[in-house]
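Enquirer: All chains should be modelled from the sequences, with the hints used to inform the complete structure.
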Amino acid sequence: MNKNHRVPSNRSLGAVEVKSKFGAEFRRFSLDRSKPGRFDEFYRLLQHMHRIPNVDLLVGYADVHGDLLPINNDDNYRKAISVADPVLRLFLQRKEEADYSAFGLDSLTRPKKTVLAAMLLRPDANRKKPLVIISLPRDFRPVSSIIDVDILPETHRRVRLYKHGQEKPLGFYIRDGSSVRVTPQGLEKVPGIFISRMVPGGLAESTGLLAVNDEVLEVNGIEVQGKSLDQVTDMMIANSHNLIVTVKPANQRNNIVRSGGGGAASGSSGHSSDSGTSFYGYSSPGIAVATTPADIIQNFHPEELESDEDDEDLVIEVDGEAMPIPRTSSASCTIPFIPRYMPHLDLRTTNGALASHNRSGSLGTLSTADRGLEGRSLEEEGTVITL
Amino acid sequence: MKRFRRHGQESHRDRIKQELYGFNKTVEHGFPHQPSALVFSPSLQLLAIGTRSGAIKLYGAPGVEFMGLHDENAAVTQVHFLPQQVDLVTLLDDNSLHMWTLRAHHGVSELLETGRFTLTGPPGAPPSVTRVTAVLTHSSGDMLFLGTEGGHVFVVEVPGFRELEERNISLENVTNSLPEDYGGRRSLEHVESLQENPVNPRQVLIGYGRGIMVIWDLERHSAVKHIPATQQLESVWWTEDGGHVLSSHSDGSYCRWMVAGEGTQSEPEKSEVPYGHFPCKAISKIIQLPTEQGPPFLFLSGGMPRASYGDRHCISVIHSKTHVALDFTSRIIDFFVIRDGPDHTGDPSALVVLVEEELVVIDLQTEGWPVIQTPYLVPLHCSAITCSHHVSAIPLKMWERVLSAGALQNTHYSKKPWPITGGQNLSPDAPQRDLLLTGHEDGTVRFWDASGVCLYPMYKLSTAGVFLTDAEPNDNMNQCTEGEWPPFRKVGCFDPYSDDPRLGVQKIHLCKYSGYLTVAGTAGQILVLELNDEAAEQTVEATVADLLQGQEGFRWKGHTRLEVREEPVTFPPGFQPFALVQCQPPAVVTALTLHSEWKLVTFGTSHGFGLYDYQQKSNVLVRCTLNPSDQLAMEGPLSRVKSIKKSLRQSFRRIRRSRVSLRKHHVNSALLSLANARLEAELAEMELAPVQRKIEARSSDDSFTGLVRTLYFADTFLSDSSHHTPSLWAGTNGGSVFAYQLRLPPVERRSEDPVSAHPAKEIQLMHRAPVVGIVVLDGHGSPLPEPLEVAHDLARSADMQGCHQLLVISEEQFKVFTLPKVSAKMKLKLTAIDGSRVRRVGVAWFGSSRSEDYGESGLTVLTNQGDLHVVSLPGVKLQVQYPCIRREDVSGIASCVFTKHGQGFYLISPSEFERFSLSARCVVEPRSLVEVPSQTPGTTLPRAQPDGPRVMEHALLNDESE
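Those protein sequences? They're chains A and B, same order as listed.
The opening position of the first sequence corresponds to residue 1 in my numbering, with each subsequent residue numbered one higher.
The opening position of the second sequence corresponds to residue 1 in my numbering, with each subsequent residue numbered one higher.
Rather than coming from a laboratory, the hints here were simulated on the basis of the structure.
Keep in mind that the hints are not guaranteed to be accurate.
[Unchecked claim] Simulated crosslink set (DSBU-like; lysine-lysine; CA at most 30 Å straight-line):
(1) A:LYS168 <-> B:LYS694
(2) B:LYS599 <-> B:LYS821
(3) B:LYS694 <-> A:LYS189
(4) A:LYS248 <-> B:LYS829
Expert: Set out below in structure tokens:
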């Protein structure tokens, strides 16, 4: 590692000087600026350099403005490499004892809570308590959100209740009712479907996006008008993996105002964003960091979610293990299917290669990843029936 | 350009669709639900039945059927044919009169409503003034006499429904003509009966509720005679010679009065209470008919001793020394008598009785008065229908064997031909022989000839004989105890009481080539039967299939297994059971399939499924599909206790209903409308209460996920693409599919070497919806043929070259997978798109109506919304969609059964199958012609010139019997 440090011509060759600090120890090495590699390789390299193979780390770097910014995915890793001038200064912390408030704008120079920090943390964050961690994309998963704000009338709200792989019940009830429509003949009373009850702790309630007495207008893009309560119930259950309900909220004061004129968005719509693909999530503490597919965000592309989320039936061959049923290409599926687990499977080989560097560490992460994979498939596909 | 071309292709496809598919509801088979009126036209030889739901049905010779429905949802209380015409008048509960006619159109008659009419009284008059209680169609054919609750008689010209006010016979007219001393001028009450003098059309008898009868001369517009009966009047009959009037009364008596002479006759010529001494119930109808030589026939309905036999539904037939009280199992609606001779004026030949649940025809000219088997209006529900199974294109040999077995069961029927012969049946002969099998609550399976318009009973199989039950296997149908009074004789076959609900038949599968039949029931019993032309005495070997497979912690709280008779039982020719499997726990069998070539039967319950080798009489495989946390499935039908309570309550209701005399239409209708109003109010209230539906994803912990919904045998590529093997497929309520590879020993070792089954694949559908159908498609994308079909040269053998595909039909989706490696190929979502779920599905072949040799396979689908869909194979594309059944009609939807040629049946009431067709080529519908009788009716009533009775006689003798 010293060799790298000593070669001054590194910069001209496109190398980045790295100075990494963990506790009181410094390590220096260099990286190829044009080929930074992937974050998880970099992460392993750091563990290797500091000889702390089994320690979960929080990686931060100082950017040109002196802010301490996190490196936890390929994107911000590349960004960090690209802005390093001349030296990339890294600050490593143990995850358990990490001081999150250190991150943020001007955080290195001004030890003050900033807007960013406030966004990162729960508002009432107590430093003594374990905090919510902004974790890696692999820990992110699509959750419920408001979507299609740009194309819907302001009085309507399209909510995706993303149930996939979650234990939480959807947790709401619907009922028949009547609503008033404006027609050319004037106001007209028409039958409608309404949300009648929320199950405490259910997905619907916990998202806060649906409320009692909201009128259900569409289920996964299909209008419910003229359909019976039972039909709408069956439609919702059939779409329950990825239920998208368009409602006319009973409380119209929290509507999202798009136009520039009404710039004062009300407080409660603060969760929602204006993009259809915004996901906000929470981390599951203790999950290994190792396995991050580079393009996982793309894997969760909304169209794909909507189209064929439920396609993964489980088939068990008599001598084999449970496998999601692959889909043969056919005219009927227009979107090329990217198997969800591909990145993980790829990673195993990568991990295998890395294992030669540090056997115990990578084995640990590998097994965790494996378990994660298995756990997810169990969760998603239900009980595996043994032969 | 591209768009244009595609448009062209689409329209081409649309044309093909039109040639393949077409939706028609064609015939209603069975017995009309809640009949309320009956009439017979001797000149047309047609029988008409009105129902409580406003339907009117006409029947003539077998195959001649017409049906009409009133727009008003009111009960038909009376039906009358206009004499010598093809028109009929109906009176509804809402006091409206309707004119119907049979109009010939393209050589086929149609029943059409041509007019409607409601009496309007004088302004300010109470509604009772115009409430019609009696209708007389005058023999002139152009006048209706309408007697009302207020006691008036209105005269209306038909067919135009023009009121002839000047001819009305008001209550005042009649009262004024009465002698001063009559009954202290009390109200005469409503008009109970209107009768025309059979020999003098100028005279009409008006019978009033309180008993008095007045013979009215239409010409002179005055009373000719008064008949002062003192008891409440029930019915009146004017004898054919015009000399006597018979009146029946509410105290169970009837009187005979002389007509001759004018003025008031104080005493009846004869008065009798046939079942006398103790108080009797009313005689609601009386008919007396002469015979060529010898004494007349007298028919009485009711009149039973109130205390001891008040609950019987009887018609007494008295002829000379013979006196029989025909004892029916349900309430008598009405009856009439068919007479011999070219003009239908000869001896009575048959008594036709419409009771609430069946039509019974008694041959009066054969010793012992046997019953004539009805070719239509058969009571499908003589025991409640629990399931049905349709088999198309039965080989002739098999057909004849079933027929001859059935003939042996029908020896107690009269040999006489069906006496109602009106109309011509013009429908072409059925293209093939089709069987409809219905399973019943009492453990019987009935075989019906479903080839044509008439659903004709062929054979009845009883499975109860195999088991030890308290039930007497044979009903005492023709039993007549000597010396008993009244001389009862049980008639009719409607018997809704099942002695052991465990006997109920739940699933049926018949192999039409081999004559093997399997029948499964409520207590987990699976019988395998074989068609045998000889009677045989044999013991049925029972095998127990333990479906729990050692799963712990289960406690079955449902019914126990049926006890099997240990000793040999004699089985009559027909289907004879030779093997029995009993599931443990004895839950209701939910899926059943027979493979006659492999000699295997597979069955499923809510606990699992099994495979039984009926050649070696041993279980091959038992598989538990139960989810260990599924308490509900474990314990069995907990609602059983409730159901006993319910059935008790129902039977009490039935008794009470039978006690309430429904004959008094005016009282009854008022009560009914009151009850209706109350019901509506209740319904409205129910709608106000918020109905909520929980939105929750299905999980593996849901109840009854292990219930086996479908079982399927297929010879296909299960494990590798080079060898096809026999396989068994099972689909469950939880969206799982289990596939087993079967190993069958070579034919010569079939009896010795065991059959084995090895698990090969399991598929868990992500959406977890119940799997309702599994079909393997061959290399050409066609469904695999049935077992033995190819061996009998009746189907093209399956294509084993190309890749097979697996079609899994769940309640929510149609999904095609590749084989042998299971990967999803394509699918059609149903529920996610329109919220409907698959309830019934069948594979059908649709022939093109235009070209003989073009056809396509498709899936016929019935959804919980009551819509029928056709889904193409193998492409799983929705082809057509028709609304068929009201979505509230859950039992109708559940009862639906599809044929292999795009037709289907479903129950529109407990006793009626509606037949429908989705195929444009294969349509079975009645086509018949009824012509106006050759004798033209008298144009007008002879008014000025007093025609001698001789001249009129010919026309008058052809008067309606009603």
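Enquirer: LYS694 of chain B and LYS189 of chain A: Cα distance at most 30 Å?
Expert: holds, 25 Å
Enquirer: Under the criterion that the straight-line Cα-Cα distance not exceed 30 Å, is the pair LYS168 of chain A, LYS694 of chain B satisfied?
Expert: Between LYS168 of chain A and LYS694 of chain B the Cα gap is close to 14 Å, so the pair holds against 30 Å.
Enquirer: Checking one constraint from the list: CA of LYS248 of chain A to CA of LYS829 of chain B, max 30 Å. Satisfied?
Expert: holds, 26 Å
Enquirer: Are LYS599 of chain B and LYS821 of chain B close enough, with their CA atoms no more than 30 Å apart?
Expert: Given that 30 Å is the threshold and the Cα spacing comes to 28 Å, the pair holds.
Consistency note: the structure conflicts with none of the earlier hints.
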